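Engineer: Chains A and B supply the protein sequences, listed in that same order.
Under my numbering, the first residue of the first sequence is numbered 1, with each subsequent residue one higher.
Under my numbering, the first residue of the second sequence is numbered 1, with each subsequent residue one higher.
Among the hints, a few may not be true.
[Stated by the list, open to error] Partial pick of chain B residues on the chain A-facing surface, computed with a CB cut under 10 Å:
#1 Ser9
#2 Arg78
#3 Pro81
#4 Lys83
#5 Ala84
#6 Glu86
#7 Asp116
#8 Ala120
[Unchecked claim] Below, a list of computed lysine to any residue pairs in the SDA-like style, where the Cα atoms sit at most 20 Å apart:
#9 Lys51/B to Ile148/B
#10 Lys39/A to Gly64/B
#11 Lys51/B to Arg41/B
#12 Lys102/A to Arg77/B
#13 Lys83/B to Arg7/A
#14 Lys39/A to Lys69/A
#15 Lys83/B to Lys185/A
#16 Lys4/B to Leu151/B
#17 Lys88/B to Lys18/A
#18 Lys83/B to Phe24/A
#19 Lys69/A to Ser57/A
#20 Lys88/B to Glu25/A
#21 Lys39/A to Ser90/B
#22 Lys83/B to Thr16/A
#23 Lys39/A to Glu94/B
#24 Lys40/A to Arg123/B
#25 Lys69/A to Arg76/B
#26 Lys39/A to Leu141/B
#27 Lys88/B to Glu32/A
#28 Lys88/B to Asn35/A
#29 Lys69/A to Asp116/B
#30 Lys54/B to Leu16/B
#31 Lys102/A to Arg76/B
#32 Lys18/A to Thr80/B
#33 Lys40/A to Ile148/B
#34 Lys69/A to Asp73/B
#35 Lys124/A to Thr90/A
#36 Lys124/A to Gly122/B
#37 Lys185/A to Ile259/A
#38 Lys40/A to Ile177/B
#39 Lys88/B to Arg7/A
#40 Lys40/A to Leu115/B
The hints are simulated quantities; they were obtained by calculation from the structure and are not laboratory data.
A quick note: this is a predicted structure, and the numbers were derived from the prediction, not measured.
A virtual CB, placed ideally from N, CA and C, is assigned to each residue, including glycine.
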Amino acid sequence: MSTLSQRHLLGIKNITRKDIELIFETADTFKEVINRPIKKVPSLRDVTIANIFFENSTRTRLSFELAEKRLSADVVNFSASTSSVKKGETLLDTVNNILAMKVDMVVMRHASVGAPHFLSKHIKANIVNAGDGTHEHPTQALLDAYSIRERLGSVEGKKIAIIGDILHSRVALSNIFALQKLGAKVMVCGPPTLLPKFISSLGVEVELDVKKALEWCDVANVLRIQLERQQIKYFPSLREYSLYFGINKKMLDSLKKQIVVMHPGPINRGVEITSDAADSQQSVILDQVENGVAVRMAVLYLLAGATA
Amino acid sequence: MQKKLIFDSDLLDITLSRLCEQLIENHSTFDNCVILGLQPRGIYLAEMIQKKLKKLSGKEIPIGYLDTTFHRDDFRRRDTPAKASETKISFVIEGKDVVLIDDVLYTGRTVRAALDAMIAFGRPAKVELLVLVDRTNTRDLPISADYIGKLVNTLDSQRVLVELQAQGYKQNRIWLIDKE
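Go ahead and model the full structure; you've got the sequences and the hints to work with.
Structural biologist: Laid out in structure tokens, this is it:
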């Protein structure tokens, strides 16, 4: 018998290493389930889950929906672009209206930092943060760390470089928390304008030369340039960015060891990573997607089951 | 704490031999037979029986582990979710004669969950249940075992404690104890 220390998954910051390990162990069993001929178990058959996405998403939303369906939950989907939010309804009102229809769990993505934390203070349902602005994206960090554990055996003691737009990335922040809790060393690398000013206070190393970062690390997690969040220009051009910070197969081949290449998607091929690197043997990008379903099943199962 | 010994090593060995002979009697050649041990504790017993059958009949019967956690009917009705174990079935169940093996038969709810979990791997021709300890008059569901090691009269306030060498204990012993 085992349970998480929290009722909600709002961020990696407020869960423990034990929680993460429990999620991984549970995800192992779900990974076996989703590779069966019949990929469905009836655990959550009396649970209703609302996927509330105030921001666009393909992978995360699909992954959550598949995870929910493989656990036999009832699923309702909501996206802000087609809803009353456009008519001026507040977040709390929208969610309360959805909960009035007897929903047990809410999976939410929102452009504002702290939106799921705000909600968790006002409603009874379990909340899973599927990304809040530039803050956290806990399930992505969990599946990234899970994929590292799967490929390298463990996360403890490994060196992971996060390369790209750190400033606007919720994946970066959640990854830093998760990897550090599991005992890994983390480095961030990118143009100085895309690195938060006091990032080193989190205990991560900062490197401006991508070549050096690659030589240092066991795993390179490459992030997308989030143009949609950039109100001003942070670098002269995408072409220049890819020249100085893009990753290609030639660079990977020139290293002394084989490093693992990760990317949370969506990939801008030819910008942060070239096709030959993204599709190489060293890349675990599609494993990340598969593991995403298993990890999200584990999170939903553990949160829904903790009724105490 | 009151403790009563139900099986010691010798008695367990004799009982397992008897259960194996009964299996041989019913399955003769074991051509179409597979064994499924129920996680977490039935798997040790399933392995002991498989080894013994190999000694007695010379046949190596395929063995798998079945975890029932995600098919239990008490999810969200207890304080914390049950922890899952590994399911490992490397053969097709479709059309097979399945022998489910568990250590203790109590309410029957685990067996119900197991039948449900098993269907995900195909439709068996026949399913039988083998248990070492059958706690009489405690069933919540209409389920009974086909092969029984020992019938034991128990109270709800009691628990069957299984200690096997395969689990790291010094001796094979099975106790009936009072819960605190």
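Engineer: Each hint should be assessed against the structure and marked as holding or not.
Structural biologist: Each hint, compared with the structure:
1. Ser9: Violated. Min distance 30 Å.
2. Arg78: 7 Å, holds
3. Pro81: Holds - the Cβ of Pro81/B comes within 10 Å of chain A, reaching about 3 Å at its closest.
4. Lys83: 5 Å, holds
5. Ala84: 4 Å, holds
6. Glu86: 7 Å, holds
7. Asp116: Where the cut-off is 10 Å and the nearest Cβ of chain A is about 7 Å from Asp116/B, the hint holds.
8. Ala120: 4 Å, holds
9. Lys51/B to Ile148/B: 18 Å, holds
10. Lys39/A to Gly64/B: 18 Å, holds
11. Lys51/B to Arg41/B: Holds: Lys51/B and Arg41/B sit about 17 Å apart, inside 20 Å.
12. Lys102/A to Arg77/B: 18 Å, holds
13. Lys83/B to Arg7/A: 17 Å, holds
14. Lys39/A to Lys69/A: Status holds; Cα separation ~10 Å.
15. Lys83/B to Lys185/A: The given pair, whose Cα atoms are some 30 Å apart, is violated under the 20 Å limit.
16. Lys4/B to Leu151/B: Since the Cα atoms of Lys4/B and Leu151/B sit roughly 15 Å apart, the hinted pair holds (cutoff 20 Å).
17. Lys88/B to Lys18/A: With Cα atoms ~26 Å apart, Lys88/B and Lys18/A exceed 20 Å; violated.
18. Lys83/B to Phe24/A: 12 Å, holds
19. Lys69/A to Ser57/A: 18 Å, holds
20. Lys88/B to Glu25/A: 15 Å, holds
21. Lys39/A to Ser90/B: 16 Å, holds
22. Lys83/B to Thr16/A: Given pair Lys83/B, Thr16/A holds - Cα atoms ~18 Å apart, limit 20 Å.
23. Lys39/A to Glu94/B: 16 Å, holds
24. Lys40/A to Arg123/B: The hint holds at about 16 Å.
25. Lys69/A to Arg76/B: 17 Å, holds
26. Lys39/A to Leu141/B: 27 Å, violated
27. Lys88/B to Glu32/A: Holds, at roughly 9 Å.
28. Lys88/B to Asn35/A: Holds, at about 12 Å.
29. Lys69/A to Asp116/B: 18 Å, holds
30. Lys54/B to Leu16/B: 13 Å, holds
31. Lys102/A to Arg76/B: 16 Å, holds
32. Lys18/A to Thr80/B: 15 Å, holds
33. Lys40/A to Ile148/B: Outside the cut-off at roughly 32 Å; violated.
34. Lys69/A to Asp73/B: Satisfied, since the Cα-Cα distance of roughly 18 Å is no more than 20 Å.
35. Lys124/A to Thr90/A: 18 Å, holds
36. Lys124/A to Gly122/B: 40 Å, violated
37. Lys185/A to Ile259/A: 15 Å, holds
38. Lys40/A to Ile177/B: 38 Å, violated
39. Lys88/B to Arg7/A: Violated - the C-alpha atoms of Arg7/A and Lys88/B are around 31 Å apart, more than 20 Å.
40. Lys40/A to Leu115/B: Holds. Lys40/A to Leu115/B sits at ~15 Å (cutoff 20 Å).
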